[in-house]
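Visitor: Using the sequences and the accompanying hints, generate a full structural model.
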Amino acid sequence: MQHQSMNEDRRESLQASVIEASGSQTPLNIIAGNSKAFYGRTAHGQTLPIEDHRGIVDYSPTELVITARAGTRLSELESILEEEGQVLPFEPPHFGEGATIGGTLVCGLSGPSRPYTGSIRDYVLGVDCLGGNGKLMSFGGQVMKNVAGYDLSRFLTGSLGTLAIVLEATLRVMPRPGASLTLVQDADPATAIERFNRWAGLPLPITAACACENKLYVRLSGTRQGVLDARTRLDGDALEDDGRFWSDIREHRHPFFTADRPLWRLSIPAGTRPLKIDGTWLYDWGGAQRWLSSDISAGQIRQAASNAGGHATLFRGGDRDSDVFHPLPPALFRLHKNLKESFDPAGILNPGRMYTDL
Amino acid sequence: MTISTEDKTNKRDAIVQALQQLLPANSVLANPEELQPYECDGLSAYRQLPMVVVLPETVEQIQGILKLCHSLDTPVVARGAGTGLSGGALPLDNGVLLSLARFNRIIEIDPVNRTARVQPGVRNLAISEAAAQYGLYYAPDPSSQIACTIGGNVAENAGGVHCLKYGLTVHNILRLEVLTINGEKLTIGSAALDSPGYDLLALLTGSEGLLAITTEITVKLLPRPECARVIMSSFDSVITAGAAVTAIIANGIIPAGLEMLDNQAILAVNKFLNTGYPKDAEAILLCELDGSAAEVEEQTNRTHEVLKSAGSTSLKVSRDEAERQLFWAGRKAAFPAMGRLSPDYYCMDGTIPRKHLAQVLEIIGKLSEEYGLPIGNVFHAGDGNLHPLILYDANTPGELERTEELGGKILELCVEVGGTITGEHGVGLEKINQMCVQFNSDELEQFHAVKRAFDPHALLNPGKAIPTLHRCAEFGAMHVHKGQLPHPELERF
Chain A
1 MQHQSMNEDR RESLQASVIE ASGSQTPLNI IAGNSKAFYG RTAHGQTLPI EDHRGIVDYS
61 PTELVITARA GTRLSELESI LEEEGQVLPF EPPHFGEGAT IGGTLVCGLS GPSRPYTGSI
121 RDYVLGVDCL GGNGKLMSFG GQVMKNVAGY DLSRFLTGSL GTLAIVLEAT LRVMPRPGAS
181 LTLVQDADPA TAIERFNRWA GLPLPITAAC ACENKLYVRL SGTRQGVLDA RTRLDGDALE
241 DDGRFWSDIR EHRHPFFTAD RPLWRLSIPA GTRPLKIDGT WLYDWGGAQR WLSSDISAGQ
301 IRQAASNAGG HATLFRGGDR DSDVFHPLPP ALFRLHKNLK ESFDPAGILN PGRMYTDL
Chain B
1 MTISTEDKTN KRDAIVQALQ QLLPANSVLA NPEELQPYEC DGLSAYRQLP MVVVLPETVE
61 QIQGILKLCH SLDTPVVARG AGTGLSGGAL PLDNGVLLSL ARFNRIIEID PVNRTARVQP
121 GVRNLAISEA AAQYGLYYAP DPSSQIACTI GGNVAENAGG VHCLKYGLTV HNILRLEVLT
181 INGEKLTIGS AALDSPGYDL LALLTGSEGL LAITTEITVK LLPRPECARV IMSSFDSVIT
241 AGAAVTAIIA NGIIPAGLEM LDNQAILAVN KFLNTGYPKD AEAILLCELD GSAAEVEEQT
301 NRTHEVLKSA GSTSLKVSRD EAERQLFWAG RKAAFPAMGR LSPDYYCMDG TIPRKHLAQV
361 LEIIGKLSEE YGLPIGNVFH AGDGNLHPLI LYDANTPGEL ERTEELGGKI LELCVEVGGT
421 ITGEHGVGLE KINQMCVQFN SDELEQFHAV KRAFDPHALL NPGKAIPTLH RCAEFGAMHV
481 HKGQLPHPEL ERF
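If you read the protein sequences in the order shown, they are chains A and B. Just so you know, we're using my numbering here: the first sequence kicks off at 1 and counts up by one. Just so you know, we're using my numbering here: the second sequence kicks off at 1 and counts up by one.
Please keep in mind that the hints were generated in silico from the structure rather than gathered at the bench. Any given hint could be a false lead.
[To be verified] Restricting the straight-line Cα-Cα distance to at most 30 Å, the calculated cross-link-like pairs of lysine-lysine (DSS-like) are:
(1) A:Lys215 <-> B:Lys220
(2) B:Lys409 <-> A:Lys135
(3) B:Lys316 <-> B:Lys279
(4) B:Lys271 <-> B:Lys308
Values in this document were obtained by computation on a predicted structure and should not be read as measured data.
Guide: Now the structure itself:
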């Protein structure tokens, strides 16, 4: 394989480090590319770098499956897929050059296509991981249909490294759509949300829908004829260089994200009318993911998200020693603690990164 | 420690009485003739009468039942329609069988957010029927969809013919209302696309009733595709047909469904149905393409070309909806048709990386000869999910045992080539020994630890899905890691 220079298997030394930390009850701060250091609660503990555990382990384009070590750069993985005309259908945000597949998986972040083609956890087929006691385990596998045992590979996705250290991941990949086109329409947020949800109920090849500054943007992707046909059913002007537009939304490079206030992410049912909270808004995922730049109190924002049937995350900025993720009801939190203990009895893996006391 | 029959009877009477106080008279079944219909699920080779059957009608009643069972240390086995194929709903003689059949209400359909809130006893197909007025449907379509319930689908992470494009149950649900063994209510997931904390929705989906009891499900609904067509193509060998599947994917086409039948299955279908399947074909591929009319036409033309150059000996594209249904009718009838060739049949459910298809089918053929038991293959070809059907006669002494042994070998073969012992039917009781082949003791212990996080006294569906380490030691299986065999060049029987 041409990327052999980037191929290193460090699982044994990582396992030794975890066993040692477990023995001495030393909390670990697990770091791969460190591109998402801003995310979650403030990290504490002894740094455990996993970036050197990297390389593509297996890639079979016709099986639609790729296996890579956790420290593999996301950019490297995507360019290897690109050579075969394939993509990660969940369009993961990188948030920095160092982004790795392991970090992407445990952060559980997905990009603009998420409501239409699925999230990262939908594409996880299997993982190799180290539990907090240093045991090396393998869950899931290399095939799409697999219901043997609990689905722990999907369960670890988005766990912020608090349950186990993901060493290797197997993901399902998809062919890159043959054609893609973005249409722009004038629309205030309420109109945009209404249209997004009406269109999503129709058989149209929509793969992204976002609104800001009284404009809406909708991306159509699929076969050439399919996209041309859908184009005739929706109004609007085609956006030039739409690839750049969507990657700017995904990577938070769009001017909306440059504001100096705390950035909140509200995940609520897509059809919810615009919430009345002071601040500036960007509506993504057809209305299901709403970015809010605001100085309003966490309590008020969380209350509004809960009332709408969803939750709010303090995504960037603000007080990162308090709750950045939506607090859980007591019974559910107890279950989280039980589950954390089942994977990491000594409580050494990224403690407190998701919730205090977890 | 042995429990005397008298103690057992006393305990049974105490539980039945307590349940009768808790529930209306018609919600507790305790007479042997009333228990009979519950003695097995879709895997009828395994039978066991439950101690008692309860048919609650409200969530509060289920809460009461669970609290009672928790306090009396009595196991609970949940049951939907009983169509499962792995013995997951097999009762326990010392356990309560909790039927969710009366939870059969569609609570709400939200056409704007494209979701439906349903009770667990709602039939899979009934959701799509109710959503049809909005042009929406529920995508996962297990072959038992006219009978199976959504609660059972969640417990098994059910798939279906269209999961290559639309995913499994786990990809198509948003929220669960569940009860833990001590009767505590939890909301898992939400009406939004994600939730804070761990992905418990993924963990509970496919957990085979071992972690919690589901009382309500919010499912995603999708717009019904405007158009769908099926290409039926024949091949003179299963190997060529397998290569054609690879060629379709290599060309960047993801069909809505991609199914293969081998010659045994084709013969069986043709014997009972006039679907027009070519009788001399060694394999048939059914490839469904869906989307807008323009999209489908473009994809059909391309797929047609790909199949032709992949060596298809005959190609037919469905001209209308009636013909599309006809092409599918044979596939849907394949299991019962094979069943009519033989007194009994045993349906396997392994998944393999598609690249090993030729090798696996060849070894299955040899195993079939060695055991003297005919095997037909129906295959979700797009995602590598094999359903070998072993034909046998349960009335011939020892034949069921030999069939199970042969089935076990096929599953172990799937693990050896990097696949899994179950693609969509679940482990249940049926494949519990093969779990020892797929997972090592640390992994199995992690599964048990997860179970204890929910259910420390192991009262929910105990003995299913995850084997004890002791059982694995007795079974004496060789754990195979990711297909890395010591001597992959050797044939293994």
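Visitor: Taking the hints in turn, state whether each one holds.
Guide: Here is how each hint holds up against the structure:
1. A:Lys215 <-> B:Lys220: holds, 27 Å
2. B:Lys409 <-> A:Lys135: holds, 29 Å
3. B:Lys316 <-> B:Lys279: Roughly 14 Å between the alpha carbons, so the hint for Lys316 of chain B and Lys279 of chain B holds.
4. B:Lys271 <-> B:Lys308: Judged against 30 Å, a Cα distance of about 28 Å means the pair holds.
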